[in-house]
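Sequence lines, in order, name chains A and B.
The opening residue of the first sequence carries number 24 in my numbering; numbering runs sequentially from there.
The opening residue of the second sequence carries number 13 in my numbering; numbering runs sequentially from there.
Hints listed in this document are in silico derivations from the structure and should not be mistaken for laboratory results.
Only a predicted model underlies this, so the values are computations on that prediction, with no experimental measurement involved.
Where hints are given, some of them may not hold.
Reference excerpt, derived from the structure (chain B facing chain A, CB under 10 Å, subset only) [to be verified]:
{"no.": "1", "residue": "M54"}
{"no.": "2", "residue": "L58"}
{"no.": "3", "residue": "P72"}
{"no.": "4", "residue": "F74"}
{"no.": "5", "residue": "T81"}
{"no.": "6", "residue": "L82"}
{"no.": "7", "residue": "H83"}
{"no.": "8", "residue": "R85"}
{"no.": "9", "residue": "I87"}
{"no.": "10", "residue": "T91"}
{"no.": "11", "residue": "A93"}
{"no.": "12", "residue": "R125"}
{"no.": "13", "residue": "N126"}
{"no.": "14", "residue": "A245"}
Cβ coordinates follow ideal geometry from the N, Cα and C atoms, glycine included.
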Amino acid sequence: MVLKEMKSTLPPGSYYFSGNEAAAEGAIAAQCGYYAGYPITPSSELMHRIAARFRETGAVFMQMEDELASICSIIGASWAGARAMTATSGPGFSLMQEAISYAIMTETPIVIVDIQRVGPSTGQATRPGGGDMMQAKWGSHGDREVIAISPWSVQEMYDQTINAFNLAERYRVPVILLSDEAIAHLRERIEVRERITIFNRRKEKGAPPFGAGDDGVPPMPAFGEGEKLLVTASTHTEYGLRKTNDPLVQAKLASRLHYKIVNKREEIIEYEHYHVEDAEVVVIAYGFTARSSLFAVERLRQEGKKVGMIRLKTIWPFADRLIRNLGAKVKKVFVPEMNIGQMAGEIMKYAPCDVISFSQTNGEVIHPYTIMEQLERLL
Amino acid sequence: MATDVRQYLRLEAPPMPFCPGCGDRILLRLILTAIDELKINMDDMLFVSGIGCAAWIPSPHFNADTLHTLHGRAIAFATGAKLFNPKLKVMVISGDGDLADIGGNHLIHAARRNIDLTVICANNMVYGQTGGQVAATAAKGVLTATTTAGNYYRPFDLCKLVNAAGATYAARYSVTQPTLLISSIKKALQTEGFSFIEVISPCPTQFGRRNRLDTPKDTFKFFEDKLITKEDAEGLSPQELENRIITGEFSNGSS
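With the sequences and hints as input, model every part of the structure.
What follows is the structure, given as structure tokens:
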């Protein structure tokens, strides 16, 4: 059985954690066996907690010499059988892009926590931003599909880290937890349940490790199991043999890597909706900005304004059908972001209605009153 | 009698890609001979390589677990696999451009940590696969695609580098010294901790022809003439040793 229910590593109950600490605990609960990282603000506390807690759990922690080594070593560990993870922030995430592409091409399950800070470049290291939304999707060459999740609370830093491991193992793909400084350094109460569900890697002796499997996702063997694996990010056959000048092999592989995620997007995508039924204007928000947005929407509802909200929990693959259907029903959608319209642009591709992008890239979270003000203009 | 290394090869793989006269094909055979002599089960081995001609020695030809990785990062991948599953016997095989230029940082850090890996670095002084550009290991004065007036800079001494960083075993031999090289690979495989062998592996196609070395034999002779044993090098001045390649074992500690 691939799905396994098991006891949580923390005794069930309430805990008061920062987002970074909660993500570390989520990784431990999800049986992360190998973590490698490199210090970077504002993600470092996550690594600190892993370093301390792995000594208790017996999992392997490594502080590597840079982000390139961190992500490459978790890919190596994943092929050796580990549930593997790293965490970083914008500049480090940029350094990891080549290896993310490698993990996509070799179908290696890994989890990357990206605690976004405001950029470009070094920017303001201790301030939140949302500038990596598109980097998560398009940060390296080639058509590539990943799964990216945007948590809005410390509770979700815990829950969605567990979910990220399950999705990575289920779809053999890198999963990116696109968080930000505001959530990572926020402290709030979370509830740890007694039991959690873990997706165990599917194994099938002798099966092609890069074949289509039943549903586009092949089983995942490990080194040391006698399978004599050929792992390469050059274009390869279903048994991993390099085929670097065969157009059919390239086309088939690139297409499967795309569709194994895109065709399953209805299974993968999670979102929440608030007061959408009769809304004329709908806010589409994610991450910390969704907290401010919900406050604004609830206030305006109390005043009788027909306003609603969609919270995107899954960023990639993108919820295109949701947005298309929503756009057909409402007059306007309003997209507040801590970047200059990165997701608003994606929403515009699908929403057959006015899409109003609101950007704030000053390193501050967007205040609920700012969103209220903007919405009042639109109503 | 020579070892039949075919038993260790993935026979369904396409023919080997090495040019006529390439040192890497000899190196392939010597690595497998060492494994045969030690009676290591290939199911216990993991071969990790980067990008470049030498990275194609194990992948796809060795009939074992192989991980063909990104340019420069083989040691980082190998570190993760080894640390998560210490039962794996992990050998990294790659070229000098891959391990010492783009991947130099990972090389020195793995040596510093003394991670239990065996790293075989095939040194031909150039980037063979991309057209023969100069590498950080190229001798002063050599002609390459990007040093058409002769290489201006000094080469890395990779054995000194990994030794200074803390490797347990470091050695340098040429593919023209097969007996010494086999015994060195065996030693490296039996070393607990970081072991490193720099293998002089001439490239007639990209290096030889640019240096007016018309045949593979000339290229091999060019390198052979530079070789000097550690013992013979003792007492010679830096001037006398300029442009020589010192072979032997350069280990920290006991060996």
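Hints and how they fare:
1. M54: holds, 8 Å
2. L58: Holds, about 5 Å.
3. P72: Status holds, d = 5 Å.
4. F74: For F74/B, the interface hint holds, since the closest Cβ of chain A sits about 9 Å away, which is under 10 Å.
5. T81: Holds - the Cβ of T81/B comes within 10 Å of chain A, reaching about 7 Å at its closest.
6. L82: Status holds, d = 5 Å.
7. H83: holds, 9 Å
8. R85: holds, 4 Å
9. I87: Holds: closest Cβ of chain A sits about 8 Å from I87/B, inside 10 Å.
10. T91: holds, 5 Å
11. A93: For A93/B, the interface hint holds, since the closest Cβ of chain A sits about 4 Å away, which is under 10 Å.
12. R125: With a closest approach of 9 Å, the R125/B hint holds.
13. N126: violated, 14 Å
14. A245: violated, 32 Å
Hint check: violations occur at hints 13, 14; the rest are consistent with the structure.
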